[in-house]
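Colleague: Line order of the protein sequences matches chains A and B.
Residues in the first sequence are numbered consecutively from 4, following the numbering used here.
Residues in the second sequence are numbered consecutively from 44, following the numbering used here.
It cannot be assumed that every hint is accurate.
Said to hold, decoys possible - The list that follows gives simulated cross-link-like pairs (lysine-lysine, DSS-like), each with its CA atoms no further than 27 angstroms apart:
#1 B/Lys108 / A/Lys103
#2 B/Lys112 / A/Lys103
#3 A/Lys103 / B/Lys100
Just so you know, the hints here were simulated from the structure itself, not pulled from any lab data.
Single-letter residue listing:
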Amino acid sequence: GDSVTQMEGPVTLSEEAFLTINCTYTATGYPSLFWYVQYPGEGLQLLLKATKADDKGSNKGFEATYRKETTSFHLEKGSVQVSDSAVYFCALTGVENTDKLIFGTGTRLQVFP
Amino acid sequence: EAQVTQNPRYLITVTGKKLTVTCSQNMNHEYMSWYRQDPGLGLRQIYYSMNVEVTDKGDVPEGYKVSRKEKRNFPLILESPSPNQTSLYFCASLSGTSGGSSYNEQFFGPGTRLTVL
Chain A
4 GDSVTQMEGP
14 VTLSEEAFLT
24 INCTYTATGY
34 PSLFWYVQYP
44 GEGLQLLLKA
54 TKADDKGSNK
64 GFEATYRKET
74 TSFHLEKGSV
84 QVSDSAVYFC
94 ALTGVENTDK
104 LIFGTGTRLQ
114 VFP
Chain B
44 EAQVTQNPRY
54 LITVTGKKLT
64 VTCSQNMNHE
74 YMSWYRQDPG
84 LGLRQIYYSM
94 NVEVTDKGDV
104 PEGYKVSRKE
114 KRNFPLILES
124 PSPNQTSLYF
134 CASLSGTSGG
144 SSYNEQFFGP
154 GTRLTVL
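Okay, chain A solo, but in the shape it has when bound:
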């Protein structure tokens, strides 16, 4: 079945460092891909999304490109801030059921001043 694999955390960075969180997926067909962020004590918020190959999703300085050839959707940010500390989830919606989100296990990011 469809699945998402994320790099394990925690990822620990200093402020202004470059961030990459790897995400790869297995799916039948061409799913839509998402990154959700969970700040401490809160629910998940959509960070960015891409719905077809080569699409680039971007928001708040974060970017991810839908790479069909490598089945990847890596999250990047050029300069992280302390306020970016959160848990990041990569997810996809199935081709047959476009309403159901399939999540990766989440990656905790800790940014220190």
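For this one, chain A is given, so just place chain B on it according to the hints.
Modeller: Same frame as chain A, now just chain B:
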């Protein structure tokens, strides 16, 4: 403000004592679902509902019940909770028409942390 609300936010209970976690959304969404979040497993779907009186099992439905009598509410019921249901639970609702567009965004509630002793 558009939002999904859950109550309670925290709950400690004992094995076998029936409980209900409420979920309500004010966005007139048709599709709602429940997820549980466990360390190392991410979020897994428990149940979903595509509209009033229409519910179906997700990936981990055992031990849970749901109902959808009104569009805005989607309570999660644990008839006889067990310690393996200790988890963080999220309710979500989906914008747009269910089953139609990959542009739909899921809106999540703040979560309910449940501990079953």
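Colleague: Hints the structure violates: just list their numbers, smallest first.
Modeller: Violated hints: none at all, because every hint is consistent with the structure.
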